[in-house]
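Guided by the hints, dock chain B onto chain A, whose structure is given.
Same order as they appear, the protein sequences are chains A and B.
Under numbering that gives the first Met the number 0, think of the first position of the first sequence as 0, with each following residue one higher.
Under numbering that gives the first Met the number 0, think of the first position of the second sequence as 0, with each following residue one higher.
One should not assume that every hint holds.
What the hints assert, rightly or not - List of simulated lysine to aspartate or glutamate pairs, DMTMM-like, C-alpha gap at most 25 angstroms:
#1 B:Lys-149 x A:Glu-58
#2 A:Lys-171 x A:Asp-74
#3 A:Lys-8 x B:Asp-197
Keep in mind that the hints were calculated from the coordinates and are not lab data.
Predicted model only: the values in this text are computed from it and were never measured.
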Amino acid sequence: MRITRAVMKKIIPWLFLTPVIIFIILSWVAPVALTLYLGFTDLSIKNFLAFIRDFFTPEVHITLENFEKIFFGGDPYLPEVLKITIIYVVSVLAINAFYSLILSISIAYFLKHDYLSLFLRVSWLLPRITPGVIYALMWNWFIDPRYGMLNTLLSLAGIPKEMLPQSWLLDKPYSQILMIMVNGYIGASFGMIVYTAAIKSIPPDLINAALVDGANEFQVARHIIIPLLKWPIFFVVAWQTLSLLASYEQILLIWGAGGGGGYAGIARAAGVMVWALYSYSKAFSEYQYGYASAISVVLVVVGIALILIYFKLFGFSRLMAPSKVEV
Amino acid sequence: MLSLPRYRIESRKTKALLRSIIKYLIVIVVAVIPLIPVWIMYLWLIMQSFSPKVNLGIIPLGFTLNNWRFLWSPLKMGLKTYPNIWPITINTLLIALGVSGIVVLISTLGGYALSRMEFAGRTGMMKFIIALHAFPSVILLIALFIILNKLGLYGKGYVTLLGITLVKAGLEIPMASWIIKGFFDAIPWDVEWAALVDGCTRWRLWRSIVLPLVLPGIGAISIFSFLSGWSEFLLVFTYVKDEAYYTLPVLIYHMIGEYKMVDWGLLAALGLFFTIPTIIFFSTSQKLLLRIYVGGVKG
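The following block holds chain A by itself, in its conformation from the complex (with noise of 0.2 angstroms):
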């Protein structure tokens, strides 16, 4: 009876964690797995069928062609793509995490009106909140140079009216200038809540006693508030790294649904072929799973190398944690 009890005793977190382990190995670790797997192999369309019927068969064929391609020059497209990753991801991460800075700082510290500044918050919070395929809608609404308000209201500003482009999803410094908009506009929420919870968080006293020092608000948020929100910078740019740079569902919405459905070509054209959309295109428009999964495997060692170092940066309770102040 007692041997049972401590069995039990044992078994029992495993009956409970069990269905959660089936589902992540479903859908993480398997194709994880899988994607390693398949960079080191020839997969295409040709020999698709026979792969799924049989995971071994003899016309799948493991090479290292893929990485030689990627790495010592044979897709001569590759390098265009890079420039382009490298453009979207350090932009969009300047205003997730510094342009959102500033923007905390004003709606958490300076404006001091309760009302106004949730008002504010929910509006920034809106890109967020909204289905990717309506923000899409509204954008290529928003953009258009006849039905549209993007060229109106930049000519309201001032702009002459031969710098605005025919078409902001084509025209090229445009097109990535606006491939930048759309995703600042959903990032700067990130860093904003993060950074707003920690400007919340540090304690008045800290701030009451510099104000009667003499300093002034700008000083306050120079030399107090900046200093104290090291770890959720750190945090917000870490965090943010790895999810801009495999992300493209947002790119593929707007250009594919602008243009007519054929998002591959449009994105060529364009300019916004950003890494993940061409590993995500190679599969499903030209059918060259392996080639994909090779420039997938890219995203996964680069992904599996920054949460290690998050690990080792911000510990685990930290990571827990991303919002409070240490002071």
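Same frame as chain A, but now just chain B:
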């Protein structure tokens, strides 16, 4: 202060005034002006959907329900004509309810074990869940495509939707377990001790004492996973090729390309129709959801 000469007090006052002007200028430039496009877009969506024509994007000229005709009359998309929007709405609802049901059931079990039980590898498991939360799942689409194919859950109508539901639920489960674990952590141990001392079994304890106490948490993860299933785009867009099994986001995606320029009113109404659940849930339980959305992996 009084000993200061008058002109110095004056100049301090001007300085303070100048500073507060600069302060509000920063607020306006940084936090208000960039919002103008956002406000215009949302106003447009609402105005355009009820109006035959809008002026300057947001000023409606007249009122009409014609844009909402997809609710009762046929809707054409490419070569396919749907009798009305409801079959597609039902597909979307099936995925949303399926994801929500699976996520709630499984992550409540898992979250309880993580919060309350001692077992080897507990910390490791929690670390793993956090790592999954940071890992971007969107790059796994190719591998998931092959797994669904292998499991026979691809290209077979509702069976494909079932496969998508399972995968989507699996992608949501780590975060949902983490959230519900937080709610379990907040219940005082004493409540459980009392019941255990009184001879309650773990299972009964869980069902009749713990579960009612975490109902708000269950509400939160069920709404959250419902919404994320409802607006899931990539999985359906990538894996469903038969138009009869599209969901609303994929339908709207294809409609934008086709009706852009031709009928913005229809698109706006369709978009608003699709956003209704999001609006309802956010206006009723925003605090709960915001807390969760912060941890989201979007953008």
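Could you work out which earlier hints the structure fails to respect and list their numbers in ascending sequence?
none
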